[in-house]
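With the hints as extra help, turn the sequences into a complete structure.
Number of protein chains: 2
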Amino acid sequence: MINKVNREIPDEFLINGREVFQGAYYRKNYEYTKASPTVKSDVQPRDSKLVASLREAIEKCGLKDGMTVSFHHHFRNGDYVCSLVFDVIHEMGIKDINLVASSLGKAQASIVPYIEDGTITRISSSGVRDEIGNAISAGKLKHPAWIRTHGGRCRAIETGDEHIDVAFIGAPTSDDYGNASGKGGKSDCGVLSYAEVDAKYADKVVVVTDTLVAYPNHPYGIKGIDVDYVVVVDQVGDARKIAGNAIRMTSDPRELMIAEYATKCVVNTPWFRDGFSFQTGAGGSSLAVTQFLKPHMDEKNIKMGFALGGITKQMVDLLKEGYIRKIADTQDFDIPAVESVNTTPGHFEISTSEYANPMNKGAYVNKLDYVILGALEVDVDYNVNVVVGSDGMIQGAPGGHVDTAAGSKVCIIVTPLIRGRLATVRSNVTSVTTPGESVDIVVTDYGVAINPLRQDLMDCLSKTDLPLVTIEELRDIAYSIVGEPNDIEFEEKVVALVEYRDGTLIDVIRQPKNI
Amino acid sequence: MINKVNREIPDEFLINGREVFQGAYYRKNYEYTKASPTVKSDVQPRDSKLVASLREAIEKCGLKDGMTVSFHHHFRNGDYVCSLVFDVIHEMGIKDINLVASSLGKAQASIVPYIEDGTITRISSSGVRDEIGNAISAGKLKHPAWIRTHGGRCRAIETGDEHIDVAFIGAPTSDDYGNASGKGGKSDCGVLSYAEVDAKYADKVVVVTDTLVAYPNHPYGIKGIDVDYVVVVDQVGDARKIAGNAIRMTSDPRELMIAEYATKCVVNTPWFRDGFSFQTGAGGSSLAVTQFLKPHMDEKNIKMGFALGGITKQMVDLLKEGYIRKIADTQDFDIPAVESVNTTPGHFEISTSEYANPMNKGAYVNKLDYVILGALEVDVDYNVNVVVGSDGMIQGAPGGHVDTAAGSKVCIIVTPLIRGRLATVRSNVTSVTTPGESVDIVVTDYGVAINPLRQDLMDCLSKTDLPLVTIEELRDIAYSIVGEPNDIEFEEKVVALVEYRDGTLIDVIRQPKNI
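Going line by line, the protein sequences match chains A and B.
Per numbering that gives the first Met the number 0, the very first residue in the first sequence carries number 0; after that it's consecutive.
Per numbering that gives the first Met the number 0, the very first residue in the second sequence carries number 0; after that it's consecutive.
It is worth saying that the hints were derived from the structure and are not from the lab.
Check before you lean on any hint, since a few could be wrong.
[Stated by the list, open to error] Calculated Cβ distances over 10 Å to all of chain B for the following chain A residues: (1) N97; (2) P112; (3) D225; (4) D251; (5) M358.
[Unchecked claim] Straight line, CA to CA, 25 Å or less: simulated PhoX-like cross-link-like pairs of lysine-lysine: (6) A:K462 - A:K141; (7) A:K27 - B:K59; (8) B:K39 - A:K27.
Don't be surprised by glycine CBs; every beta carbon is placed ideally from N, CA and C.
Encoded structure:
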């Protein structure tokens, strides 16, 4: 069946009530009974939750063939937990595991052999990058992978689409009852936002830490009342790869130009007023926009009400300088952000369900005025691809892209028009991640295109000196420089399903030929 | 059927799997699937949750005859919210409502006519004091009231024994998305611990506030993602009756003597060491114990790991002076406590489920070394009554009494032996609230009795100069002074069921004759 963004979704995937994507707000007011875990009460006050090893925890949880386990990715490229756990699962000979991760990347490369040998046969994740992305693209996973947005993952778990049998939650610090925090210890990651939904909805919850602290640990994102077992390991991650030094401001003139255009889009639209809200990624242009807003805020004598999402030093500095009133944090990209969260007044942790789940009673993204996002490709209908490379290989992640685009009043895509001799703006994208209806402005180094659905933005921005163009003009410029892209050839085999945040299917990804 | 504390539970109440009390840890390892609410998703970012009136909120929630509504009691004697809501429910002609409150008292006296006219036909609460206690004792409520501990209420809601259709959560401050806090505004109550389970498990959640603040309100105990509607009213409570000035140290020599004995019990048992944990009520002797511990902590050069439960200035001062490392707060009894929570480092809010629910994966009470509690009556089996007066009228509340007694390593009851010409220690209690098996020491002004189940405590305390006596000796002294109490005569009619924290029935309360 063809969906609303003109992608063909094979009928074989439209089972058990699964529908094709029918618009960003199609499932508004959907009523459902929330999922819930099956738990064992702990009336006895003297019991200990500490177990001697991951193996003991896995045995006590009763993990069996075919079950679902989950992980978060706050340790980013430094995560050891997922690999450690799967080494034990493999050693125990357990097969056919469904791996529900908030994201997967280089840090989990060691599980590729377990995909190949049938230890892992299903995967749900936001990112499926690097070696794991290659393995999935190559058709090595038995069942198609589910690619979910950060909000969509919470939705899938809370609605019961995805039931977790055992959640493994790596934590920089925990007490012996499992009150676990992203702060402290030797593997500081700041927050545990992604894991909160796992703790609340998994039947069994195991906290894995390398730093046991006195009871009660505080502040804690994961509550001990949801935790069955606590395992102390030598090291949950490689601190150097978890959060690095602050990313420096870009000096690339092309990125700075894009940032300047994007800044003009923000400051010349009506939501740029006292109390406005803002999210941006950690890319060069995005970080520069954050900096560029400062003089405009001074000029209008306004402050940002709240900043949202993944946080960097730039945002923390603005908070400390009084330009921002609150930071609602779901992920920390550098050490200054890790150190600030839950310590600097106004900088606090929220769960990912609070951040972006489209099926709770109103997530933070709904309150977002502006979001600045990147793109691998944009098509002339403003559909954005951030998951599949122009070579057909899975290499990215929807993350919060889809969620913030749908929630925000103004979604601005910043991207160079040409990247690595390939056109970013094109007639068709290799895969649709974010539907064009929730993408408002595309800012490139060759001009700024405004989605015709947003005549209100056109009215505001046509009064500025921004180089406004149509999206088709951007495509034509790109094609005139690097030529029209060749169609990639794909096998029939579907290797991944791209789920829209509301649970409908926005795309499927097939195995590229000749890889 | 006769239960483990020798109380007769009529068979008519032993239906739908309800059992009689069979010991404090009878339901250890009980496995169950958690309850969950039926919710409507809010995909659309522009929707507002603000409604113009309580009536509009109630209409939008679809409240109907026979449904269940809930309230918290953080506004204590100053609460307006419960009365305001019931005035509207009554005006709308809705009947047969089940009122699930965390506690009820003087502030809700205006609902008594709604009990009489059938607007309210079922009640579940911890406290049923004052006018409401009188109405229930007089048999005016159609069905027997359920008297629940603080932890037991959370258990009943989380297991699905009690399903809430609409939760009304009074909040000192809230933003327009329902992120609601116990802090700020004109009706400051500190925390919203009791209401968290309501927000998470009720189908519809209405936040009622008198102080709307900018989004996002922070810190917040109630999450906007669980809230459907926000109503702004003139006043949620009478600030003067919510939290008063700090309670002064007692100068009553009898209370001071009891406190001195209790302090000796604490400091001469092995858990009085660095990192020990402690809870006490706000009564004169209890507060004095907190003060009396200081020199002993100095002498041993130890600190308290955490203080728990309802908090007063005494505890806050100890935290600020460095005697306590953490305070896990579920209720604030005075303005200094209200001001300190979530502001003084180490003083933080926890939910009541975290505090005391026996059927999550391990509540704070399980980690408690010492708890100092009061009593209306104690029998020679150490069973304690804190609910029914010696005149047979319901006048108290189990609160956290039962939960902390079961969780703590040492549960110390402090009470004068004679109160108002009645013996506190007696052959039989008028009603059993806390089973004797979880009561370890009874401290009176005429001596200290140690439960024979705790030979370990006897071994420690027999080395001190404490006036150790048997519980029978205490009773005999009391009877020799004020005489043996007369049996109260009761009608057959059961007016209330006393639920043990695990959901079994520990007692029933009958209507006293001639009231």
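Index of numbered hints that the structure contradicts, given in increasing order: 3, 5, 6
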